[in-house]
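Take a look at the letters that make up each chain.
There are 4 protein chains.
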Amino acid sequence: MVSKLIAIVAGVGPGTGASVARKFSKAYPVVLLARKPENFESLAAEINSSGGKALGISTDVSSVDSLKSAVEAIKKEFGNDVAAAAAIFNASGPFMRKPFLEIPPETFAASLNVSANGAILFSQSFLPLLLKGVELKSEHPPSLIFTGATASVKSNAQMASFSTGKWALRALSQSLAREFGPQGVHVAHAIIDGVIDIPRTKEWLKDMPPEAKLSADGIANDYWWLHTQPVTNFTWEIDLRPAIEKW
Amino acid sequence: MVSKLIAIVAGVGPGTGASVARKFSKAYPVVLLARKPENFESLAAEINSSGGKALGISTDVSSVDSLKSAVEAIKKEFGNDVAAAAAIFNASGPFMRKPFLEIPPETFAASLNVSANGAILFSQSFLPLLLKGVELKSEHPPSLIFTGATASVKSNAQMASFSTGKWALRALSQSLAREFGPQGVHVAHAIIDGVIDIPRTKEWLKDMPPEAKLSADGIANDYWWLHTQPVTNFTWEIDLRPAIEKW
Amino acid sequence: MVSKLIAIVAGVGPGTGASVARKFSKAYPVVLLARKPENFESLAAEINSSGGKALGISTDVSSVDSLKSAVEAIKKEFGNDVAAAAAIFNASGPFMRKPFLEIPPETFAASLNVSANGAILFSQSFLPLLLKGVELKSEHPPSLIFTGATASVKSNAQMASFSTGKWALRALSQSLAREFGPQGVHVAHAIIDGVIDIPRTKEWLKDMPPEAKLSADGIANDYWWLHTQPVTNFTWEIDLRPAIEKW
Amino acid sequence: MVSKLIAIVAGVGPGTGASVARKFSKAYPVVLLARKPENFESLAAEINSSGGKALGISTDVSSVDSLKSAVEAIKKEFGNDVAAAAAIFNASGPFMRKPFLEIPPETFAASLNVSANGAILFSQSFLPLLLKGVELKSEHPPSLIFTGATASVKSNAQMASFSTGKWALRALSQSLAREFGPQGVHVAHAIIDGVIDIPRTKEWLKDMPPEAKLSADGIANDYWWLHTQPVTNFTWEIDLRPAIEKW
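Chains as they are written, first to last, in the UniProt record's numbering: chain A, 1 to 247; chain B, 1 to 247; chain C, 1 to 247; chain D, 1 to 247.
None of these hints come from the bench; they were simulated from the model. Errors might be hidden in some of the hints.
30 Å max Cα-Cα, derived DSBU-like pairs, lysine-lysine [unchecked claim]:
1) B:Lys246 x A:Lys137
2) C:Lys137 x C:Lys75
3) A:Lys137 x B:Lys206
4) D:Lys154 x B:Lys154
5) C:Lys98 x B:Lys75
6) C:Lys132 x D:Lys246
7) D:Lys137 x C:Lys246
8) A:Lys98 x A:Lys154
9) B:Lys98 x C:Lys137
Take these sequences, add in the hints, and give me the full structure.
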């Protein structure tokens, strides 16, 4: 039954993740995954109080066990036959922009642990629910969407602790698009090329006009557009940047 | 005045071009460009009789003079202050899939003449109208969209008479995106990767399910989506293919 | 007989082309193609007087007839059974780095006419001689090498009159590599990313150390290296840039 | 003093690694890194008995401590002022070509642990020695070379446990090329696209001619060529495949 369809969003800090969750909550109950409850609590409350349904689950996407618990919590809430209309991976690990030889090995490992391993484990956890969405003949093809960055296609000096994970993530998304597209799941990758307009970046680009930053709600609209593409017309990859961005 | 906004579509045979024209005619008067009138006449009639407005102009996009006449005809119809909300280049030259040494030089030249030179001349002809659309603060950023193909990013054996033009076209679109994005015009490129479901391809892929072909109306929807992106969130390139396509 | 093997170089101004011709003249008689005799005369004299053999032929690579005459002149000089060990396309058309709408259509056409059409015609003219080199079991696989640029993979604002031709050229080289590699001809493409140290660029980058420019002789060495790769290990594409180049 | 220059090769099973070690041992003492001594013992003996010098060190490139021990062993053998002319990373982790949902998380982690983390740790361990090679004004710019694969640029269905690591490795190499090129270290990446002719692949492609496989010695020659490029002409990336390979 289609009412069993949910959307899962991993990485729901106050930016793209939150906007995506709000957007998809108009159509589906949304599950919000973040390590720290403070990253999803107010968002969940906001969605729940405005006619939507949101369930926040404290989850470490780089941990198999933590994801297993998340899936169990989801099934407890939505039933064992729960299916997913969308699973959106918006998480990133820590990184440092500094000379390569000054970056501790732990930083590289932590970055890969989220961007690469985390995305892999997230996909293994929720593809079964997305495939169930295909069985249920959901209105829109179930979608698995990954958030990438400029560093997903260009690996600049001093950026290796970010780009290694992001390139791995892009490889994952391309492979999954090829494997699961024919099974009816729409796997997509978005290259976010620019500064997103969120509280954390308020002081950035202050000498530029406001449209120099990407709108997080705009990104959410684009993810929704990807989600509504029919099986005849799947896009694997889009890039997104402000009109005035240099690239 | 925004009522002066039109959409121009070049290459309106019975496929993507026609679907795109129909889609954009819901919002704007559309100008249909094709060399042969039989390629736009019935489409123009259909749009005009169903509440839209269409003007077909017999035009050779590889000819400066022919495009000049087209612009004059447009100004005569819509006024000298006409502006464009969208200009969509969907034309392709002839090509041959056969051993390189068996293809006449004329075929290569003819292909480049449309895909490369034609796209350049089309852009030079209609960017001034798109920039006027920016001045008029059109609801959506004026859009210049180019139709690419698998051969825009992969140049297979025996396909050089097609791919040379398509790679040139992609280069054009990327350069224009970088130059005119900051001026408010949204330049985009679509990689159509698969067989489009049109009358001409009716007999193709007959042993496959119907969703093995791209929907032309779906492509039109995606072009419309590109058109409605705000200046904060421009996509330069999307790929489009059936879910079951091998790639 | 292997002594029938020649190398042909198109585009032999005082830079990469001249260095390549000198390098290959150590192993083969070289044919120098340029539109203007002053572009090959002193080079031919230099090679002929230093123990090599060079034949300059005034040729417009964008003209089928001119190339036909060149092939005839070559056969007259080296015999009807002449074969090629290498054919190197190093020509570029004119272009302008300025706002798109200020570039005359003729410039785009002229650029495509050399970089795209010229490369196509050059390839159609000399691939038969390269295939004859395969038959003759030349020591090194006969090689068809194209000179590209930064603009072959990145199409910057205001650079479309250069990049359209260079992307088309790259598409050509990739398609030919796929078609003629299995026939024993090594097709390669070199992305020259930076300023080449030639007389014309003497005043450029004057505030940088001398190694900020590419060495033309170094490029020639790399082309020779490509030429000597065995059939088991063909490289289609290399990039080349100064160590201190930003990219 | 230049006599202090060594070459380090990680991943020296009976294929590319061994050929590369042999090739570089003609010019430099070579250090052979592999987890299992049986992977370097006979090769070290062979090199040592044929006029070269080789030191095998049992090393796990995914372990910071193991690499530290290796560096100490190298300094003990060659002196604290040892410098590197070349460091070549040829290691790969385990992977599985099977449906994504059937691959255990440990496989993905193990693959990333070598291809991504291992390459990062290897680079952090030996870049200081390469930079010392720059100080010593080594004849050829010290080189850091990474072995990639088809899966470094194309991520096929069911190949994610290989491609994620290989894309991360390519990102690493590009970032390091941009950071360390200007410091005089030549960082390069080789896309090996095809089956390498080694004992393990003896039974593969048996219906094809012998030249359907890449020559490991040929790859070693190409790595040597990369190593000998001057600072004016660095190549970051080459692809390598048999002439008859489909791609």
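Quick rundown of the hints versus the structure:
1. Distance hint between Lys246 of chain B and Lys137 of chain A is fulfilled; the C-alpha atoms sit about 22 Å from each other, no more than 30 Å.
2. About 20 Å separates the Cα atoms of Lys137 of chain C and Lys75 of chain C, which keeps this hinted pair within 30 Å; it holds.
3. With a CA separation close to 24 Å, the supplied pair Lys137 of chain A and Lys206 of chain B stays within the 30 Å bound.
4. Distance restraint check for Lys154 of chain D and Lys154 of chain B: the Cα-Cα separation of roughly 12 Å lies within the 30 Å cut-off, and the hinted pair is therefore satisfied.
5. Under the criterion of a C-alpha separation no larger than 30 Å, the hint pairing Lys98 of chain C with Lys75 of chain B is consistent with the structure, at around 28 Å.
6. Only pairs whose Cα atoms come within 30 Å are accepted, and Lys132 of chain C paired with Lys246 of chain D is accepted, the gap being roughly 23 Å.
7. Among the hinted pairs, Lys137 of chain D with Lys246 of chain C is consistent with the structure: their alpha-carbon atoms are about 22 Å apart, no more than 30 Å.
8. Distance restraint check for Lys98 of chain A and Lys154 of chain A: the Cα-Cα separation of roughly 16 Å lies within the 30 Å cut-off, and the hinted pair is therefore satisfied.
9. Using a Cα cut-off of 30 Å, the hinted pair Lys98 of chain B and Lys137 of chain C holds, with the two alpha carbons roughly 26 Å apart.
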